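One letter stands for each residue in the lines below.
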Amino acid sequence: MGICTVDEKAELVAICSLPGITRRQVKELLTLFGSPAGAWEAIRGGYSRGVSTGGRSIDLQSPALGIDPGKNLESLEARGIRTVVVCEGGYPRLLKEISDPPWVIFYRGRLPPFEAKCIAVVGSRKATPYGIEAAGWIARGLSREESYVVSGAAYGIDSAAHRGALEAGGTTAAVLGCGPDVVYPRSSGGLLNAIAEKGCVLSEYPPGVKPLKHHFPARNRLIAGMSLGVVVVEASRTSGALLTADFALSEGREVFAVPGQVFSNNSNGTNALIKNGAMLAASVEDILEGLNLAGVDAPKLEIASEQLEAGERKFLDALAAGPHDVEELAGKADLSMGETLSRLSRMEVMGLVRRGPGGRYHVTSRSTRK
Amino acid sequence: MLAKVNGSALVGMESHTVGVEVDITKGLPAFEIVGLPDAGVRESRIRVKSAIRNSVYEFPNRRIHVNLAPADLKKEGPSFDLPLALAILEATEQLKPEKPPKYYAVGELSLDGKVRRVPGALSIAMGAKEHGAPFILVPEGNAREAALVPGLEVYGVSTLREAICFLEGTTSVSPKQVDAVDLLCENGRKGPCLSEVHGQEPAKRALEIAAAGGHNILMVGPPGSGKTMLARRMPGILPPLSLEEALEVTRIASIAGLLPPGGSLLTVRPFRSPHSSASAVALAGGGYPIPRPGEVSLAHGGVLYMDELTLYPRNALESLRGPLEDRQITIIRSMVPVTYPARFSLVASMNPCPCGYLGDPERECRCSIGDIQRYRSRISGPLLDRIDMHVEVPRLTRVQLMTRERGEPSRSVRDRVIDARRKQQERFAGGGIYCNAEMSHSEIEKLCALSPEGEGFLGLAVERLGLSARSYHRALKLARTIADLADSGRIEVEHLAEAVQYRCLDRSPFS
Chain A
0 MGICTVDEKA
10 ELVAICSLPG
20 ITRRQVKELL
30 TLFGSPAGAW
40 EAIRGGYSRG
50 VSTGGRSIDL
60 QSPALGIDPG
70 KNLESLEARG
80 IRTVVVCEGG
90 YPRLLKEISD
100 PPWVIFYRGR
110 LPPFEAKCIA
120 VVGSRKATPY
130 GIEAAGWIAR
140 GLSREESYVV
150 SGAAYGIDSA
160 AHRGALEAGG
170 TTAAVLGCGP
180 DVVYPRSSGG
190 LLNAIAEKGC
200 VLSEYPPGVK
210 PLKHHFPARN
220 RLIAGMSLGV
230 VVVEASRTSG
240 ALLTADFALS
250 EGREVFAVPG
260 QVFSNNSNGT
270 NALIKNGAML
280 AASVEDILEG
290 LNLAGVDAPK
300 LEIASEQLEA
310 GERKFLDALA
320 AGPHDVEELA
330 GKADLSMGET
340 LSRLSRMEVM
350 GLVRRGPGGR
360 YHVTSRSTRK
Chain B
0 MLAKVNGSAL
10 VGMESHTVGV
20 EVDITKGLPA
30 FEIVGLPDAG
40 VRESRIRVKS
50 AIRNSVYEFP
60 NRRIHVNLAP
70 ADLKKEGPSF
80 DLPLALAILE
90 ATEQLKPEKP
100 PKYYAVGELS
110 LDGKVRRVPG
120 ALSIAMGAKE
130 HGAPFILVPE
140 GNAREAALVP
150 GLEVYGVSTL
160 REAICFLEGT
170 TSVSPKQVDA
180 VDLLCENGRK
190 GPCLSEVHGQ
200 EPAKRALEIA
210 AAGGHNILMV
220 GPPGSGKTML
230 ARRMPGILPP
240 LSLEEALEVT
250 RIASIAGLLP
260 PGGSLLTVRP
270 FRSPHSSASA
280 VALAGGGYPI
290 PRPGEVSLAH
300 GGVLYMDELT
310 LYPRNALESL
320 RGPLEDRQIT
330 IIRSMVPVTY
340 PARFSLVASM
350 NPCPCGYLGD
360 PERECRCSIG
370 DIQRYRSRIS
380 GPLLDRIDMH
390 VEVPRLTRVQ
400 LMTRERGEPS
410 RSVRDRVIDA
420 RRKQQERFAG
430 GGIYCNAEMS
440 HSEIEKLCAL
450 SPEGEGFLGL
460 AVERLGLSAR
470 SYHRALKLAR
480 TIADLADSGR
490 IEVEHLAEAV
500 QYRCLDRSPF
510 S
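Residue numbers (numbering that gives the first Met the number 0), protein chains in the order written: chain A, 0 to 369; chain B, 0 to 510.
It cannot be assumed that every hint is accurate.
[To be verified] Covered stretches of chain A (chain B as the covering partner; in silico rule of three or more C-beta atoms under 8 Å from a C-beta of chain B): (1) 329-340; (2) 346-352.
[As the list claims (entries may be wrong)] Simulated restraints, written as ranges between beta carbons of each label pair: (3) A:Gly65 x B:Glu363: 49 to 57 Å; (4) A:Ala320 x B:Arg397: 14 to 22 Å; (5) A:Glu308 x B:Gly465: 38 to 46 Å; (6) B:His440 x A:Ala320: 41 to 49 Å; (7) B:Ser441 x A:Glu308: 30 to 38 Å; (8) A:Pro112 x B:Val398: 32 to 40 Å.
No lab work stands behind these hints: they were computed from the structure. These numbers come from a predicted model, not from an experiment. C-beta: ideal position from N, C-alpha, C; glycine also.
Construct all of the structure, not just a fragment, from the sequences and the given hints.
Listed below in structure tokens is the structure:
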């Protein structure tokens, strides 16, 4: 990127902060005017009108007149939002290699270090308890192996992946389809803050930009671009996670898919990926081996079964065969409703089982015995 | 000539004495009623005139002035027909009563002189007793109801002529006798039995806890999982009505005109299930000029069942918040504020999502996350806050449906509920509350002390299970009830652990 220099970072950030400007326009401006500083002066002078606008006519001049590049950078810093431009050293290594990397990344927290083994864990927003569990489990496992979990902070699989990574004390990056300071989905403010503290919340959009529909495919491009491989945990045939997998393929990254039930719509997409040649991810080792990062021990049973009482062990045995509801479990262990519910609560708090919609209980990865 | 007979006007639950004063003077024939009568009262001129003629008495062809005193109270309904007819006959000296004056009379007349039933006879009789009436004349159809008032002579009459004969002493009638306590013992055990519901043991357990602690409960499950069947059996596992409660329940039903003809004390707890098209006024009560009781009051002492809670209009749902908190409702219209009791158990049901299949093991839910969030957000936080228990009621499997095994009968569940309630009464004696569900925050702090172990568990549960902070106090109240059912003075970890399972809607469905 000869046309981008670190010295003119402030101008480049200012150009990319202009409302509505696209990556292609920035590129054209830089080629036309030779450098960010030149492009900036040209925009302010009103010479940017010749730049193709993709059918839309946007006025770059008048917002540009209100911005002082140096102060803009300072005020971003003051709000806790950092920036990195594509020619800087700190720019994510793998992302730089894709066909159209973002000129500037706006982020909170710390970017993944140069040597980070970034692996994306993505999937549908409306996930099943199985998917949630699998995502959390994989993220925990990856974190323990010192991988860097990248995902999109949406409901369902994405959130579960971030949570899993944080739980295991790992680092994780959330790539957003809106400004790095915008909380979307609205209820995930706490999660985003936790991610920013331990890892990084990043976006190619400047602060304040709303989550528009067309931002999400572009965001998926970043998720795939930052990562060595993409693990699709659960996806229907129409899920955006499949787009992430497509981007990964076109950039030569590995694609993994977690197998699911053949009857479940939520696993149609992942099963189809496997059919088309994606690697099957039934464990963290599968992923690490596929990426040539292996050389790791199998994870151990996280809770010793000696700590459980007879009834609780019976529940686990029953649940190993599939989800059950309270009434079925009470029958298996021959306990009253009250006793059953009370034990299940305790096991839930210990993280051994999880209650899904419809009052059905599932085993978690912590209680699966290897 | 001047004559006066006492009638009665209802304002809410209270009855006010209304003096029906009749003055007959010379002048052009006329029949005027003053004292803020509504259309129903004004029309009584036609009924009274015909009833008197058809009972073979003479209707005076003179100037008749009627005043309903006090003149500033709005009067409604046809219950002044009988006292008005009696006063006219007395003023024309066709009736010379032998009985003591200051008696009360209520009843609607039909044109042939029959006396028809009126609503609210029980409250009217109670008011008459309070004002020291020697006896009260009521329509025969209301007599068994009015006779529930101890220490008041109640005479039922079926025609105007019968009333006159009685007042003149030409026939001897003995006052109506009803033994309320007898009725209560005889009929207190009717209703559908819990053993008729196959399976759904977790939901039955939840209903038992709800009944024991007076908790409101929301059942979440697909259509056809037996939510309505379960709810109908809720009154049967509540403790039997006390005499005081039964009288209150009967009064409200009587005011709303819901007592059957010849009906007396209601001995079974009411079960009301207003349709989801019900308006806020239908639920809370209202009307002009005197507000009538709504569903929340008709369910007083019993169960208000709201099927498909999300389908009710938003403002109707919000109108429940007051009565759920205060256990009564004050309706203010132009005239007077009227207060009706509304101490009911709310049993509600809803689908887990718009299509109904979220969490179903066999069919896949087709709803988007937005659909589900929008669906659930129809129930506001403050309303959900007043519902202590949310339980999932899954679809029954074929095996469960086909089973011949019968569950526990309502009777034995009720015995446990009665025991648990007794413990609560001892705990709250003199505190103005009756069950665990009514505990305020300060009472929870005082009466639901936890061991350090329990504290630790609840803290973990709130953190790990994604329960909201508001769940915390709900879980404590529930744990108190579960401990009462288990006959345990202290709240143990196992009680708490069970309680947190009854908060399923606090958890996010997608994480």
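Results for each hint:
1. For a cut-off of 8 Å, the count of residues in the stretch 329-340 of chain A with a CB near a CB of chain B stands at 6, and the three-residue condition holds.
2. For a cut-off of 8 Å, the count of residues in the stretch 346-352 of chain A with a CB near a CB of chain B stands at 3, and the three-residue condition holds.
3. Checked against the hint of 49 to 57 Å, the pair Gly65 (chain A) and Glu363 (chain B) passes, with Cβ atoms roughly 52 Å apart.
4. Our hint of 14 to 22 Å for Ala320 (chain A) and Arg397 (chain B) holds, since their Cβ atoms are close to 19 Å apart.
5. At about 26 Å, the beta-carbon gap between Glu308 (chain A) and Gly465 (chain B) misses the expected band of 38 to 46 Å.
6. In this structure, His440 (chain B) and Ala320 (chain A) meet the distance hint of 41 to 49 Å, their C-beta atoms being roughly 44 Å apart.
7. Between Ser441 (chain B) and Glu308 (chain A) the beta carbons are some 37 Å apart, a value that agrees with the proposed interval 30 to 38 Å.
8. Restraint check, Pro112 (chain A) to Val398 (chain B): a C-beta distance of roughly 57 Å breaks the suggested window 32 to 40 Å.
In this structure, the earlier hints numbered 5, 8 are contradicted, and the remaining ones agree with it.
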